[in-house]
Amino acid sequence: MAPPPAVPEADHQDDDDGIPEGTGVELRVAVRRLKARNTAPGPDGLPDKAWVLASEALGPRLEGLLSACLERGQFPLRWKTGKLVLIQEPGRPADSPSAYRPVVLLDEVGKLFERVIANRLAEHLAGTEPDLAEHQFGFRKRRSTVDAIMRVRALTTGDAVARGGVVLAVSLDIANAFNSMPWSCIREALRYHRVPTYLDDIVDDYLTDRAVIYPGRNGEWNRREMSCGVPQGSVLGPPLWNIGYDWVLRADLPTGVSVVCYADDTLVLAQGGSYEAVAENMTRGVAIVVERIRQLGLELENFKTITLLKGDTLIVQTSKQM
Numbered sequence: 001m002a003p004p005p006a007v008p009e010a011d012h013q014d015d016d017d018g019i020p021e022g023t024g025v026e027l028r029v030a031v032r033r034l035k036a037r038n039t040a041p042g043p044d045g046l047p048d049k050a051w052v053l054a055s056e057a058l059g060p061r062l063e064g065l066l067s068a069c070l071e072r073g074q075f076p077l078r079w080k081t082g083k084l085v086l087i088q089e090p091g092r093p094a095d096s097p098s099a100y101r102p103v104v105l106l107d108e109v110g111k112l113f114e115r116v117i118a119n120r121l122a123e124h125l126a127g128t129e130p131d132l133a134e135h136q137f138g139f140r141k142r143r144s145t146v147d148a149i150m151r152v153r154a155l156t157t158g159d160a161v162a163r164g165g166v167v168l169a170v171s172l173d174i175a176n177a178f179n180s181m182p183w184s185c186i187r188e189a190l191r192y193h194r195v196p197t198y199l200d201d202i203v204d205d206y207l208t209d210r211a212v213i214y215p216g217r218n219g220e221w222n223r224r225e226m227s228c229g230v231p232q233g234s235v236l237g238p239p240l241w242n243i244g245y246d247w248v249l250r251a252d253l254p255t256g257v258s259v260v261c262y263a264d265d266t267l268v269l270a271q272g273g274s275y276e277a278v279a280e281n282m283t284r285g286v287a288i289v290v291e292r293i294r295q296l297g298l299e300l301e302n303f304k305t306i307t308l309l310k311g312d313t314l315i316v317q318t319s320k321q322m
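One point on numbering: in the UniProt record's numbering, the residue at position 88 of the sequence shown is 88, and numbering is uninterrupted.
The set of hints was computed from the structure by calculation and includes no laboratory data. Certain hints may be false.
[As the list claims (entries may be wrong)] Within a straight-line C-alpha distance of at most 35 Å, the following computed DSBU-like cross-link-like pairs (lysine-lysine) qualify:
| hint | residue 1 | residue 2 |
| --- | --- | --- |
| 1 | Lys141 | Lys35 |
| 2 | Lys141 | Lys49 |
| 3 | Lys49 | Lys304 |
| 4 | Lys49 | Lys35 |
| 5 | Lys141 | Lys80 |
| 6 | Lys80 | Lys35 |
| 7 | Lys49 | Lys80 |
[As the list claims (entries may be wrong)] Between beta-carbon pairs, the in silico distance windows are:
| hint | residue 1 | residue 2 | range |
| --- | --- | --- | --- |
| 8 | Pro93 | Gly64 | 21 to 27 Å |
| 9 | Gly45 | Tyr100 | 19 to 25 Å |
| 10 | Ser144 | Gly219 | 40 to 46 Å |
Just so it is clear, CB atoms sit at the ideal spot from N, CA and C, and this is done for glycine as well.
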């Protein structure tokens with residue numbers, strides 16, 4: 001499912017200049033990032049430290065390979081397969097499927113290439129309109145959870161609140177968010193953001209023929225083809241999530257209603273002089289945001305957290321069924 005026609009059409013960025021040079025510099029930067037990490041290896045079994053050492057000898061050959069991949073719009077097939085690992089979330093029952101977070105372990109060399117692509121996407125979005133929505137604070141340079149918290153604080157300590165007004169906050173939890181994002185939404189969003197053709201092509205190929213392997217009960221490795229979602233554990237997955245989800249954050253909302261988002265964690269806030277007016281605007285605002293989430297092909301968990309502030313006093317905080 002792709003975003004509906006309400007998303008304005010936008011042509012690709014002018015590609016007359018061709019594919020930018022600089023793969024060697026980008027590769028060296030990506031390798032330096034590996035030095036500071038200590039992650040489990042992907043299906044090839046080669047740890048990140050091995051690639052740090054090998055890059056000194058293989059750097060020119062790897063640079064040539066990545067440049068050729070960018071020119072042809074191809075992401076190597078073997079780098080698209082990840083090893084699925086389930087990590088139990090703290091405090092959740094072991095017999096519940098929702099208690100486990102799926103992480104995909106990918107080959108480190110493929111993640112080096114992902115970092116090159118992700119950095120180029122970020123540079124494009126920062127330099128060409130439209131950028132990502134201002135309300136998205138997750139997985140973006142020079143933004144953090146602290147910035148998101150400060151934004152919420154600013155919205156809940158405004159003039160209306162200082163005069164004894166009311167603030168409502170509704171937290172929306174998307175079910176299995178990263179694993180459910182339709183690839184068609186990402187592809188449509190890339191066009192909306194006028195991503196250069198060569199980047200559009202390489203991301204399109206990145207999202208094709210993906211698979212995970214996982215151990216079966218008989219000890220053999222099973223393979224499952226993927227048809228949606230961005231891999232948790234990848235480098236390119238988080239920015240692709242942001243691009244695909246961006247349409248939700250661009251909705252026209254009622255007066256006094258705004259959204260603050262960190263990756264998939266979406267908080268809708270409404271403020272005003274009276275509870276009745278704020279509640280009415282919040283109901284309309286949440287309905288708009290929820291409808292956009294569902295139009296992307298995503299689903300919400302069956303509860304939402306509602307917080308009510310009057311002035312600087314917490315009146316009530318509760319969870320309700322959706």
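Structure-based check of each hint:
no. : hint                         : result
1   : Lys141 to Lys35              : 20 Å, holds
2   : Lys141 to Lys49              : 25 Å, holds
3   : Lys49 to Lys304              : 43 Å, violated
4   : Lys49 to Lys35               : 7 Å, holds
5   : Lys141 to Lys80              : 25 Å, holds
6   : Lys80 to Lys35               : 23 Å, holds
7   : Lys49 to Lys80               : 21 Å, holds
8   : Pro93 to Gly64: 21 to 27 Å   : 51 Å, violated
9   : Gly45 to Tyr100: 19 to 25 Å  : 24 Å, holds
10  : Ser144 to Gly219: 40 to 46 Å : 43 Å, holds
Consistency note: the structure conflicts with the earlier hints numbered 3, 8.
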